[in-house]
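Single-letter residue listing:
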Amino acid sequence: MAIKGQIIIDTEHCKGCGVCVPVCPMKCIELSKEVNGKGYNFTHTVNDKCIGCASCAMVCPDGVISVYKKKI
Amino acid sequence: MNKDIEARKQELLNDGYEEVYTRTKVLTDAVMHYCPGCGHGTTHRLVAEVIDEMGIQDQVVGVSPVGCSVLAYNYFDVDFQEAAHGRAPAVATAIKRLNPDTFVFTYQGDGDLAAIGTAETIHAANRGENITMIFVNNGIYGMTGGQMAPTTLVGMRSATTPYGRRVDLNGYPLRMTELLSTLPGTYYVTRQSVQNPAAVRKAKAAIRKAFENQKQKKGLSFVEILSNCNSGWKMTPVAANKWMEDNMMPNYPIGDIKVDGKICEGIDANRLVLDHALTVMQ
Numbered sequence: 002m003a004i005k006g007q008i009i010i011d012t013e014h015c016k017g018c019g020v021c022v023p024v025c026p027m028k029c030i031e032l033s034k035e036v037n038g039k040g041y042n043f044t045h046t047v048n049d050k051c052i053g054c055a056s057c058a059m060v061c062p063d064g065v066i067s068v069y070k071k072k073i
Numbered sequence: 577m578n579k580d581i582e583a584r585k586q587e588l589l590n591d592g593y594e595e596v597y598t599r600t601k602v603l604t605d606a607v608m609h610y611c612p613g614c615g616h617g618t619t620h621r622l623v624a625e626v627i628d629e630m631g632i633q634d635q636v637v638g639v640s641p642v643g644c645s646v647l648a649y650n651y652f653d654v655d656f657q658e659a660a661h662g663r664a665p666a667v668a669t670a671i672k673r674l675n676p677d678t679f680v681f682t683y684q685g686d687g688d689l690a691a692i693g694t695a696e697t698i699h700a701a702n703r704g705e706n707i708t709m710i711f712v713n714n715g716i717y718g719m720t721g722g723q724m725a726p727t728t729l730v731g732m733r734s735a736t737t738p739y740g741r742r743v744d745l746n747g748y749p750l751r752m753t754e755l756l757s758t759l760p761g762t763y764y765v766t767r768q769s770v771q772n773p774a775a776v777r778k779a780k781a782a783i784r785k786a787f788e789n790q791k792q793k794k795g796l797s798f799v800e801i802l803s804n805c806n807s808g809w810k811m812t813p814v815a816a817n818k819w820m821e822d823n824m825m826p827n828y829p830i831g832d833i834k835v836d837g838k839i840c841e842g843i844d845a846n847r848l849v850l851d852h853a854l855t856v857m858q
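If you read the protein sequences in the order shown, they are chains A and B. Heads up, the first sequence is in the working numbering, so the first residue is 2 and it goes up one at a time. Heads up, the second sequence is in the working numbering, so the first residue is 577 and it goes up one at a time.
Because the hints were derived from the structure by calculation, they are not lab data. Here a beta-carbon is modelled for each residue, glycine too, at the ideal position from N, C-alpha and C. Heads up, a few of these hints could be off.
Taking lysine-lysine pairs in the DSBU-like style, the calculated list, with each CA pair at most 35 Å apart, reads [to be verified]:
#1 K28/A <-> K71/A
#2 K28/A <-> K579/B
#3 K34/A <-> K601/B
#4 K39/A <-> K50/A
#5 K778/B <-> K585/B
#6 K39/A <-> K810/B
#7 K34/A <-> K818/B
#8 K34/A <-> K50/A
#9 K778/B <-> K72/A
#10 K28/A <-> K585/B
Non-contacting residues of chain A with respect to chain B, defined by C-beta distances greater than 12 Å in every case (computed) [unchecked claim]:
#11 K28
#12 C29
#13 S33
#14 K34
#15 E35
#16 V47
#17 N48
#18 K50
Working from the sequences, and respecting the hints, build out all of it.
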């Protein structure tokens, strides 16, 4: 049984600090090349390896990441 | 946009997902004015989450300082009072004495707590006021443009020490947490940081303990949080966190110093008398 995670990023409120990128153990977050309304390169997920560990949400200074998981 | 996100969250819940983490309701929807990657945002979140978990939102009164976190009252959905520069512990003393059933916390930076407010801080701790103090230490005056603070490391560059802090000219860094732990009025004194998930979880446990201590009316709880200041240090947020681990932590060791009114085992007595055997930065 594996665990599948999903994160929802409030991209409009993300400031693109990138603190969540190195802490992700599955390397599934990166900074986007696009920018949001304020001109920040927001974070986005690049693959579906997320395990729902919430490390990214723990370090996010603005609390824009919500984490969900389920067993499959 | 927000409605869209709420809809996506609901969709996941309907799809059999369980919620692991989401932004607490004790924080308002206002976007924080802090620089990207600042430790203030994480610390705000942790305080709000602790208030949420303890279910004391309507009993909490916060006191905000002068400094980067001067607008903290915009971000917490609890009662708040703004204090004059450095006087947050004095204001918190009055609030706690007049309303003993409230949970009172101050949220201060190093320019507020360790510089202009040193007298208020030390005397509030010495009286053993039953409050919680959150002290965010980034070793610099962040809001005014990165000038030298009392907590600036020896050799650290800032706007007013462009060649590094010199001991003969500028003195030694002030370690408030060690200083306060020697006072009998303090009940819980600890230093934590917020640069990675493990440190954040430990910091949250420390803040939780500091609020729980208010219920027992034992004395002052003091939580120092080491934070980066990427704008003041002129680094990216990730590099600033690394720099903090490499340079700040040797001078400001992480961990509990005093728990339940007793100095922890393994804390060297020399460390508490500020032995000045400080690591000099390169």
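Results for each hint:
1. Simply put, K28/A and K71/A have alpha-carbon atoms about 19 Å apart, close enough for the 35 Å limit, and the pair holds.
2. About 28 Å separates the Cα atoms of K28/A and K579/B, which keeps this hinted pair within 35 Å; it holds.
3. At most 35 Å may separate the alpha-carbon atoms for a hinted pair to count; K34/A and K601/B meet this at roughly 31 Å.
4. Straight-line distance between C-alpha atoms of K39/A and K50/A comes to about 29 Å, which keeps the hinted pair within the 35 Å bound.
5. Only pairs whose Cα atoms come within 35 Å are accepted, and K778/B paired with K585/B is accepted, the gap being roughly 28 Å.
6. A hinted pair counts as satisfied when its Cα atoms are at most 35 Å apart, and K39/A with K810/B qualifies at roughly 21 Å.
7. Distance restraint check for K34/A and K818/B: the Cα-Cα separation of roughly 24 Å lies within the 35 Å cut-off, and the hinted pair is therefore satisfied.
8. Taken as a hint, the K34/A and K50/A pair is honoured in the structure, with Cα atoms around 21 Å apart against an allowance of 35 Å.
9. Of the pairs offered as hints, the one joining K778/B and K72/A holds, with about 27 Å between alpha carbons and a cut-off of 35 Å not exceeded.
10. Between K28/A and K585/B the CA atoms are separated by roughly 22 Å; this keeps the pair inside 35 Å, and the hint holds.
11. With a closest Cβ-Cβ approach of about 15 Å to chain B, K28/A is found to remain outside the 12 Å limit, as its non-interface label requires.
12. Under the 12 Å C-beta cut-off, the non-interface status given to C29/A relative to chain B holds; the minimum distance is some 15 Å.
13. Chain B leaves S33/A outside its interface by the beta-carbon criterion, the shortest separation being 14 Å against a cut-off of 12 Å.
14. Annotated as non-interface, K34/A keeps its C-beta farther than 12 Å from every C-beta of chain B; the closest such distance is 17 Å.
15. Distance to chain B confirms E35/A as a non-interface residue, since its nearest Cβ pair spans about 15 Å, more than 12 Å.
16. For V47/A, the condition that its CB be more than 12 Å from all CB atoms of chain B holds, with the nearest at approximately 17 Å.
17. Non-interface status of N48/A relative to chain B is upheld: no Cβ of that chain comes within 12 Å, the nearest being about 18 Å off.
18. The non-interface label for K50/A is consistent with chain B: the shortest C-beta to C-beta separation is roughly 16 Å, beyond 12 Å.
In this structure, every one of the numbered hints holds.
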